[in-house]
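These protein sequences, in sequence, are chains D and V. Sequential numbering of the first sequence, starting at 3, is according to my numbering. Sequential numbering of the second sequence, starting at 1200, is according to my numbering.
Don't read these hints as lab results, they were simulated from the structure. Glycine included, C-beta positions come from ideal geometry on N, C-alpha and C.
Taking beta-carbon pairs under 10 Å as the criterion, some of the chain D residues facing chain V (in silico): (1) ASP41; (2) ASN50; (3) GLY90; (4) ILE105; (5) PRO111; (6) GLY127; (7) ARG128.
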Amino acid sequence: MMARLLLILCLIAAPVFAVQPDEVLSDPVLEERARALSDDLRCLVCRNENIDESNADLARDLRILVRERLVAGDSDEQVMDFVVNRYGEYVLLRPTMTGSNMILWVSGPIMLLFALIIAFVYLRGRQTETSEASLNEDEKKRLAELLKD
Amino acid sequence: MPITWFMITELGHFALILAFAVAIVQMIVPLVGASYNRRDWMAVAEPAATAQFLLTGFAFAALTYAFVVSDFSLQLVTLNSHTAKPMLYKITGVWGNHEGSMLLWVLILTLFGAMAAWFGGGLPPTLRARVLAVQSAVAVAFFAFIIFTSNPFIRMAVPPFDGQDLNPLLQDPGLAFHPPFLYLGYVGLSMSFSFAVAALIEGRVDAAWGRWVRPWTLAAWVFLTIGIALGSWWAYYELGWGGFWFWDPVENASFMPWLIAAALLHSAIVVEKREALKSWTILLAILAFGFSLIGAFIVRSGVLTSVHAFANDPERGVYLLIITAIFMGGALVLFAIRASAMEAKGVFSLVSRESALVINNVLLAVSCFIVFIGTMWPLVADLLFDRKLSVGPPFFNQAFTPFMVLLAIAIPFGSLLPWKRGRMEKIMPLLLPALIISFVLLILAVVIEAGLSIRIPIYVAIIAMILFLWQRETLEQLSKFIIPAFILGVSLIALVFTIQTGQSVLGPLGLALGAWVVFAAITELWQRSGKSGARLRRLAGLPRADWGKAVAHAGFGITIFGVAGLMAWQQEDIRVAQIGDRFDVGIHEIELRNVQRAEGPNYITTMAEMIVYRNGRQVEVLRPEKRFYPVANMPTTEAAIKNGILRDVYLVIGDPQANGGWAVRTYIKPFANWIWAGSIIMALGGGLSLSDRRHRIGAGARKTRVPNAVPAE
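Next comes chain V alone, as it looks inside the complex:
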């Protein structure tokens, strides 16, 4: 009966409003309870958080149901769906639009709140009440935003027979699951924010706080990493020329919280282990969520033009700006009042793990600042200086990349330095193998790229090996001079190579840098597992956090190498090919065998059949497509890619030409997959670290809990 699904939508709408009401209660009552130390008032937070989550979940399910059954009496469904659309994209279409994605956003927000309530048993009761209240305050703002400006449950007076379909670019598995991961990341940072504000209200930040805030930050960072990698991977195969990062405002909007979250999870370690950097960590926790909010503003206001932008609605933009201003302003004022009360305890020397983590924070925070100013500059220049200008990839590549290079150079030192007080003379010998390996790889890459005999690097490698094994002691004593010598050597090679061949040294340098980070991570695990036998058992017995750290750092190195390799060594071939033509691109031969038209479920396609040969042997049949989605009146390119460890062969079919041929584009993309493999390895490292028993929420809380915590007021 139609009555049933009609009612589900109405019930969903009602549940959403009810969740809003519960959120208001949860924002106020536990907060008041915490300041008067009334347990019964504080106890409201837990069931309220659960109720909020269940109600929002019901609203989300109701909206999903409307999409699944194609209920075109809902305006949102009409605008973003179509009966002929595949079921997967009917479901993912729920968040493929502004209103639905906001509902997903608050669903995740309430999920995090509920998880803090369920697993936060080990937290001091006042801190827990305050965390949940702050989290709920964020929820209140977003519930109000949805209900008053972006209500997904608005009906149409006259329902049409069919919908207007989802943007075809979004009808893709990569992009379908890109937003949920990003939101898990963005919204996950709201937990770090709530913990920071609650700690400021509480007036106390100690090692235990550092331990509690870390898993949430880590989880948010892992999700952000996966979300960003998915988006980049989607851009690579979907946009038709194999770009993987555009420095687009919307990409930057997800990248800034990622950078700050990365800084935060490093500085929280210092708080946990050494009770230092407290106020800085609190500030980072506030800023990380602040950048999430700014990201939401950038994506949804349309102030900064971008193809990703959902809606160019100034009213929503203003509302989001107000939300950002209230939460950031409030938190920062609180910070200004309370930060001075947080004195640091830890004492350490200039050369120490603590200092290294401070350098990490400086590099990450400043690089985030550069992304921020580059993203906002067109707006600032327009408003203040009346200049209409663009800030694009050339700026970011130039201004941002040095920070990642410095970071990669510094990681191995930082991760090997001991806490409190370290000596460079002690860690340099440990890094010698990694240094030698990356140096040999650099020479190898330069030699191959210059087309010289491969014998030279083999000799260098053999000499280096012999020197290393035979004169290890001497080398280790000399290690103080090895770094300057190494830098000098690398610059000389780079200079000579560039002058001689006119080619970029980007590739070889990226390879050396990536190898340096990866092998240093391996060195660290080796080092940690001790000097004598039973190494394997000890390796397996290392804390998961240690594994996580090494794995995440290695992933970063791999991504650096992938980016450098792809940018330095990619090849491109553009031509008109007749059916049956065979042509060479690099070491491959490509044949255009056939082009035909076909029909998909909701699109028309022009599909080419192309054969990739190597050494005269067929290695792959690829079918690049050009699709046209008639309902949305939009063409898309579906590149066909032969994925490989060393290189991707990336084929794009273009337009028919006047002489009967087809425009065909072939790209060779070396090491492309290393970029995303590295990102996934980074996320994996985060996950490993998250699973460390030390980070389980509440673990060890009983030991550090101070009895009768007195409210700060």
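In isolation and in its complexed conformation, chain D is listed as follows:
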């Protein structure tokens, strides 16, 4: 594999650009899977660019690597595991939902819940004048229930 990479790197003078015609797999199903995987893989030397968008040589290496694994018959998970094993967690654009990363994933929903509760409490507090009027809705029912007992 290294030999092939080296050959390719020698043939193509820098700069190269995003996905090259010679990289595209002939099997459209596999190519589509490669594209889907690429969305979540980071070009290691760029900013938040995935490897399909990147012009860097390293991104090209990764694109070829992903396709080689797919052609070899790996499942999507196996390909991702292989890449992460080799390049580390840094390569993933979508952080895994494991360990401390759970803070990242759940803090948004928790914050939303928190904000909604505060907002609700505040809004209820603001309707003091109308609270009498709203007695006919829920509170009336509750009042009826209380009176029944």
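Using the hints provided, position chain V relative to the given structure of chain D.
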């Protein structure tokens, strides 16, 4: 004589230091004057603000002059300019670097300060003195930052013969004017901050304060919107594959203040109209500028790696962090002490415009929080958990998008609900047309995408129209059930469609959502203009703020549709083409006619000539380029784009291949322009609202001013 321009630089440097001194005076004297109610001390603020602006303006002009005449004895000019560079980019190169952009930053800061001094005549004198003093305190911090860590006027001992040129990516009209707009936005939020801190010192927030702070926030938000749209548009055509948003730390740095500013200008309405949400609005005003400062830190410290970053200088980063900590810490402590004193007056029910605006604030603030935590997470994970990881577009798309969807669903309800107390039963019938239109569009899009006959949606539309016109009353009575029925229907269609075709429903859903927001905005204007004749006259007579609101909301809907449409329906074709090859991409045919080399003023280019055909007819000749800038030793891609309302054809020329062909990439980008059109419409709406006479600074101040305002101390 060389002496002259030599001196202009020195005078500029001197003016900058003088402005720093004036800023220190303006920070202290009016503040002391306000607390002892001494008019003469407070009166210092106004001329000082003007002087600060003029001095900074002179310094900026001096630096610009050095760039224009290519004075390579200035280190900054040497590092960022070149004699062969076109004049436009010599001028825009002034802010295409860290030091120069900081000078532009304080220039705008002092401009806002001066404008508050010039147009703030209607403000209570103590509030005005305090606003100007706080604004000047911000200026002091940034003057010190420039003079001590990022001085643009540093000379070189041995001036070189020529400069090292500006980063070629920045030599572009889109990017040249992207920073000034962003800074106008970032720095504009400093006014909201100054008003908030001044009000906290004053100890009073009332309806008048809400009215004064709104135009500044609105202006800042409009500029931010334009700046972000320009940057996104630039990324689209310049980076060579048509991406428009990367969730890059620097983009997020401009997006967070935008979100908070959007929340702030909505909550300030509640303060103005209903005297509620006061302390929350103050907090937002503080945070909005806080995110601007954090943005400056992110961009300039290089802690979060990004291609936009100017300088990876930890020392500057530390200084900016200190500035952020001082201003945020100080303001938040003041807030903690004083916020409880601001009692709300307005009373309203759970279903009301006020509640809707609170929901708007919740969604915007939490979405901003998600962008913030996603942006900072790599840093946090590295420092605390020793994990080196990335947070990229897949995370943000997943975690952030739902908030914009919820926002879009909620906007029409919120904007139609009345103040104080509303009833859903009353506004649902008004929204019925918008609901039906978006439903029909959804079905239309799904049917077209699934490749089915277009007859079905036409029948649905006709039936819906007949039902609507004939049984309007019944429908309106049933409107309570229409929303649940609609949601059920949409989910069913989405489910069946995804299972049947395996395609994403993103496009159709985005179309329906965008249409919902746009048509609800139209409904609102229709509704406001009354039931009987002379509607046009009444429409024209509506306050500009009402127009602004409807236009801005419609722009948001259009942007949502553009984003969804582009992401769902774009096509891509990558191939090796020989000269003379013709190939199909979607409904177009592309021919690679010729590739040749040419020379530009400061670059070498490989330019292809490509023809776009549709139905066998030539529609456009496009010339995508690959440029190489020898001085900066950098290649760039210049995509060629045929812009269209329904789709862009986006062509990129790649490398020559071993067999004599060229790598050619063709993208079909549907509805791409709707994204920026929507953004510009949003900004236009903001501008319309800004021009409403109610928002002119000081308007109505005399009515609400309390005589003999007593200082809070």
